[in-house]
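Note that our numbering has the sequence shown beginning at 1, numbered continuously upward.
Keep in mind that a hint or two might mislead.
Okay, derived cross-link-like pairs now, DSS-like style, lysine-lysine, Cα gap no bigger than 30 Å in a straight line [to be verified]:
hint: 1; residue 1: Lys48; residue 2: Lys123
hint: 2; residue 1: Lys203; residue 2: Lys68
hint: 3; residue 1: Lys165; residue 2: Lys113
hint: 4; residue 1: Lys239; residue 2: Lys203
hint: 5; residue 1: Lys109; residue 2: Lys123
hint: 6; residue 1: Lys153; residue 2: Lys165
hint: 7; residue 1: Lys22; residue 2: Lys113
hint: 8; residue 1: Lys215; residue 2: Lys239
hint: 9; residue 1: Lys125; residue 2: Lys165
hint: 10; residue 1: Lys165; residue 2: Lys187
hint: 11; residue 1: Lys203; residue 2: Lys224
hint: 12; residue 1: Lys165; residue 2: Lys239
hint: 13; residue 1: Lys113; residue 2: Lys74
hint: 14; residue 1: Lys113; residue 2: Lys125
hint: 15; residue 1: Lys153; residue 2: Lys187
Derived by calculation from the structure, the hints in this document are not laboratory data.
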Amino acid sequence: KLQWIGCLLSTVRSKSMVIDGKVINNLMRAYARAELWSELQDMLDDLKERGIPPNLETLHGILVSYLKAQEFGKAQSIFVGIQECWGQFGLNQVRQDCYAMFWSLLESKETSKAQTLLDLILKFKLSEKSDPNNSRQEPSVVLHALLIRFLQKGELQNAHSFLTKYVGIGLEFPRSSFNRLSYAFAKAQNLVKAEEVVAQMHKGGMQVDDRVYRKIIDAYGHAKQVSQMGRILHDMEGKGLQVPREVLKSTLIAYLQAGAFLNARDIVRR
């Protein structure tokens, strides 16, 4: 029926007859709900050629349909249309839907798609005027949630690349994001990466959780890398950090397991 109506409108237009705007907007929304993307795009292109902007409600409905269908490339073109026709006012209307879709994707463990949508949110600056009373629109909360999802899936390298990318463009992750990532690397015996994240924290003036140091030292202990364990303690003291008792205890146990009894004696004497 929708295709038949579209053909009828084409006939009417070819006879230079005026078509009611409500008819056009309703048809486009119907195409969007039915996921008839090519027909919808033809109508959008036709309106653009004739200099007629769709109303905001229609663009919003189309955008929501694209997001639900996870057609992010098409959604981006609608973002552009909303921005061109309606400015920031128009983007304000779609912010809630974008964040709702982001959390839905995250809960479905669709991390790559959630990240694609996050990129759109950032590109069109939807995060800059998010609702201060809604923590689920807070950039640091959104970033941390996506990072944790990568970690839960065991995608440590993707998690690190994600953190590095967004820190690189000036976004801030909470301290817990760095601690969780470093701990996960240490647990996976990837100590180079674990220490790399710790170094990032020191550079940013963030406090490293005791359990992260303990896990790194424990991992070096299992690998019987005695010198590396001592280096971690030395680095902590060199930065003016007080070595917590739990870290010393973990180091002592690791030294004993590695058979480094002289080193263990030094720990006991502290």
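**OP:** Below or equal to 30 Å on CA atoms is what counts here, so check Lys165 against Lys113.
**Re:** holds (16 Å)
Original post:
Is the hinted pair Lys203 and Lys224 satisfied, with a Cα-Cα distance of at most 30 Å?
Top reply: holds (28 Å)
Original post:
Is the Cα-Cα distance between Lys165 and Lys187 30 Å or less?
Top reply: Roughly 23 Å between the alpha carbons, so the hint for Lys165 and Lys187 holds.
Original post:
Given the proposed pairing of Lys113 with Lys125, does the C-alpha separation stay at or below 30 Å?
Top reply: Roughly 18 Å between the alpha carbons, so the hint for Lys113 and Lys125 holds.
**OP:** Starting from Lys113, check that the Cα of Lys74 is at most 30 Å away, please.
**Re:** holds (14 Å)
Subject >> Restraint check for Lys203 with Lys68, where alpha carbons must lie at most 30 Å apart >> reply: violated (41 Å)
Subject >> Holds or violated: Lys153 to Lys187, with C-alpha atoms at most 30 Å apart >> reply: holds (14 Å)
**OP:** Would you check the hint for Lys125 and Lys165, treating anything up to 30 Å between C-alpha atoms as holding?
**Re:** Within the cut-off at roughly 17 Å; holds.
Original post:
Quick one, are Lys22 and Lys113 close enough, alpha carbons at most 30 Å?
Top reply: Given that 30 Å is the threshold and the Cα spacing comes to 34 Å, the pair is violated.
Original post:
Under the criterion that the straight-line Cα-Cα distance not exceed 30 Å, is the pair Lys109, Lys123 satisfied?
Top reply: holds (23 Å)
Subject >> Satisfaction of hint between Lys239 and Lys165, Cα-Cα up to 30 Å >> reply: holds (27 Å)
Original post:
Given the proposed pairing of Lys48 with Lys123, does the C-alpha separation stay at or below 30 Å?
Top reply: Given that 30 Å is the threshold and the Cα spacing comes to 23 Å, the pair holds.
Hint compliance for this structure: hints 2, 7 are not met, and every other hint is.
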